[in-house]
Amino acid sequence: MRHLLLVAALATLAAPGLVSPAAADEAQIKLKDGPGKEAVETNCAGCHSLDYIPMNSPFLDRGKWDATIKKMIGPLGAPIDAKDVPAILDYLAKNYGSS
Amino acid sequence: MLTRRQVLLGATGSAVGGLVLPRLGLAAAPVTPGVPTGTAGEAILEALPGKKPLIKLSYRPPNYETPVQYFKDVLTPNDAFFVRYHLSTIPELDAKSWRVKVGGEAATTPAEYSLDDLKRGFEQVEIVAVNQCSGNRRGLSQPHVQGVEWGYGAMGNARWKGVRLKDVLAKAGVKKEAIEVAFNGADEGASDKTPDFIKSVPIWRALEDSTMIVYEMNGQPLPHFNGFPARVVVPGWTGTYWMKHVVAINVLSKPQGGFWMNPAYRIPTGKFPLVDRFITQETDVNTPITEMVVNSLITAPVNGQKVKAGQAVEVKGIAWDGGYGIQSVEVSTDGGASWRPATLGQDLGRYSFRPWSHRFTPGAGKHMVMAKATNRQGATQTTTLVFNPAGYHNNVIQKVEITAA
Numbered sequence: 000m001r002h003l004l005l006v007a008a009l010a011t012l013a014a015p016g017l018v019s020p021a022a023a024d025e026a027q028i029k030l031k032d033g034p035g036k037e038a039v040e041t042n043c044a045g046c047h048s049l050d051y052i053p054m055n056s057p058f059l060d061r062g063k064w065d066a067t068i069k070k071m072i073g074p075l076g077a078p079i080d081a082k083d084v085p086a087i088l089d090y091l092a093k094n095y096g097s098s
Numbered sequence: 000m001l002t003r004r005q006v007l008l009g010a011t012g013s014a015v016g017g018l019v020l021p022r023l024g025l026a027a028a029p030v031t032p033g034v035p036t037g038t039a040g041e042a043i044l045e046a047l048p049g050k051k052p053l054i055k056l057s058y059r060p061p062n063y064e065t066p067v068q069y070f071k072d073v074l075t076p077n078d079a080f081f082v083r084y085h086l087s088t089i090p091e092l093d094a095k096s097w098r099v100k101v102g103g104e105a106a107t108t109p110a111e112y113s114l115d116d117l118k119r120g121f122e123q124v125e126i127v128a129v130n131q132c133s134g135n136r137r138g139l140s141q142p143h144v145q146g147v148e149w150g151y152g153a154m155g156n157a158r159w160k161g162v163r164l165k166d167v168l169a170k171a172g173v174k175k176e177a178i179e180v181a182f183n184g185a186d187e188g189a190s191d192k193t194p195d196f197i198k199s200v201p202i203w204r205a206l207e208d209s210t211m212i213v214y215e216m217n218g219q220p221l222p223h224f225n226g227f228p229a230r231v232v233v234p235g236w237t238g239t240y241w242m243k244h245v246v247a248i249n250v251l252s253k254p255q256g257g258f259w260m261n262p263a264y265r266i267p268t269g270k271f272p273l274v275d276r277f278i279t280q281e282t283d284v285n286t287p288i289t290e291m292v293v294n295s296l297i298t299a300p301v302n303g304q305k306v307k308a309g310q311a312v313e314v315k316g317i318a319w320d321g322g323y324g325i326q327s328v329e330v331s332t333d334g335g336a337s338w339r340p341a342t343l344g345q346d347l348g349r350y351s352f353r354p355w356s357h358r359f360t361p362g363a364g365k366h367m368v369m370a371k372a373t374n375r376q377g378a379t380q381t382t383t384l385v386f387n388p389a390g391y392h393n394n395v396i397q398k399v400e401i402t403a404a
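Protein sequence lines correspond, in order, to chains A and B.
Residue numbers for the first sequence follow numbering that gives the first Met the number 0, so the first one is 0 and each next one is one higher.
Residue numbers for the second sequence follow numbering that gives the first Met the number 0, so the first one is 0 and each next one is one higher.
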């Protein structure tokens, strides 16, 4: 059954012109609910899928999440809205940080 | 009929008492024991177009790991070969209109080649070589470090067919001031401010016989997600230099800059027993990663397997290194107290996986099986992690516990 579902999904994904076939499946990524989640989704998902966040958890402390955000904005050129940074950091440290 | 999307939306991850359970309805991914709990909870088995279900670590850019079962074959099937990208925009290139530009300030005669030009204009050669991500086994680092949290499967071994880079560079006319050769692929970042993924190698490495521009993998055109229609291969060196969808090759008289050369893909200077240096990029504190460290993987038995006491068990696996070749593999079935030589299998060349096997007959009880490879330089695997901030070069001796009854 699962195989059939996969085949059906892949047939859809293989539509011509779709640059990133995997993007269609990103809807299944569910970040934890909490203040700042929307700021994370809005700012981070423009460049990469949100599974990067749970994948890198729960071992980064607040300082390392802060450094990560700074790396994204600085050398990696992410267009993150400066006023959203505190909410993003709070959300990541609280929900995906090491305690 | 339910669509896959509905199945996915109906499924949620749940954590109970610290245990991360796979989401209902999704194939639990066979992640490597020891990866972060968040990685284990998020990873699923999923197939990209043209691929078998692999361990999905991230969708965009796509990072998919090969399950260990596929390493039972010395050549990794194309449709099970791992996928690794840094940038999210990956064009589907057309083989007929694809061109690679060869030039740079240290080349006298810039040129542009189609696939047919390469095939007709240069000798076609083949090489079997391991393509391993620098960060393979990063997820096993202790403490954990940031990045794509790979287990054992960010690697594969294939027979590559193409042309020698040195032949192509000879036509471009390498000036005496050339120090590096840089590769650029057709992929791009989602933001135009994201640094393009450009990688260089020292001129001496670009001119070695084994460094190639390839268009076939195991007798087939490259899969899209492994660099169609052409990529660079740098046998012995980690995958970061194996530029996929290569469209530009530039001979340089100055060191290549950019995020992906520095600070990315660096190891602390002097911490690993490596031979190849990348002197034009070295600093006092760190240096670009170069050749792979000697390593091995046990493909059978698997951790937790139950076997019959008094019956022979075949311990099997693969070993590889940075291109010196595997000298020996030793197996311990008593947690490292004693070691026996394994029998080496098919030899597909010094850049290839080398299969090995060893039989032993366990008595009743638990047995800790380990494997340790040594290369022809005399380098061997480490018993304790050589920690480094990016989680590279993890060749800690693997432990597989089985129970005989």
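Because the hints were derived from the structure by calculation, they are not lab data.
All figures in this text were calculated on a predicted structure; none of them were measured in a lab.
Do not take every clue at face value.
Claimed, not checked - Cut-off 30 angstroms, straight-line C-alpha distance, at most; resulting in silico cross-link-like pairs (BS3-like, lysine-lysine):
id : chain 1 : residue 1 : chain 2 : residue 2
1  : A       : K69       : B       : K51
2  : A       : K69       : B       : K270
3  : A       : K36       : B       : K192
4  : B       : K398      : B       : K305
5  : B       : K51       : B       : K71
6  : B       : K51       : A       : K29
7  : B       : K118      : B       : K95
8  : B       : K192      : A       : K70
9  : A       : K93       : A       : K63
10 : B       : K270      : A       : K63
11 : A       : K29       : B       : K192
12 : B       : K253      : B       : K71
13 : B       : K95       : A       : K69
14 : B       : K170      : B       : K365
15 : A       : K70       : B       : K270
16 : A       : K63       : B       : K192
17 : A       : K70       : B       : K253
18 : A       : K82       : B       : K192
Outcome of the hint check:
1. K69/A <-> K51/B: violated, 36 angstroms
2. K69/A <-> K270/B: holds, 28 angstroms
3. K36/A <-> K192/B: holds, 24 angstroms
4. K398/B <-> K305/B: Distance of about 15 angstroms is within 30 angstroms: holds.
5. K51/B <-> K71/B: holds, 16 angstroms
6. K51/B <-> K29/A: holds, 24 angstroms
7. K118/B <-> K95/B: The given pair, whose Cα atoms are some 13 angstroms apart, holds under the 30 angstroms limit.
8. K192/B <-> K70/A: Within the cut-off at roughly 13 angstroms; holds.
9. K93/A <-> K63/A: Holds, because 13 angstroms separates the two Cα atoms, which is no more than 30 angstroms.
10. K270/B <-> K63/A: holds, 24 angstroms
11. K29/A <-> K192/B: It holds: about 28 angstroms lies between the C-alpha atoms, which stays within 30 angstroms.
12. K253/B <-> K71/B: violated, 43 angstroms
13. K95/B <-> K69/A: Violated, at about 42 angstroms.
14. K170/B <-> K365/B: violated, 61 angstroms
15. K70/A <-> K270/B: Roughly 25 angstroms separates the two Cα atoms, so the pair holds.
16. K63/A <-> K192/B: holds, 23 angstroms
17. K70/A <-> K253/B: holds, 26 angstroms
18. K82/A <-> K192/B: With a Cα-Cα distance of about 19 angstroms, the restraint between K82/A and K192/B holds, given a limit of 30 angstroms.
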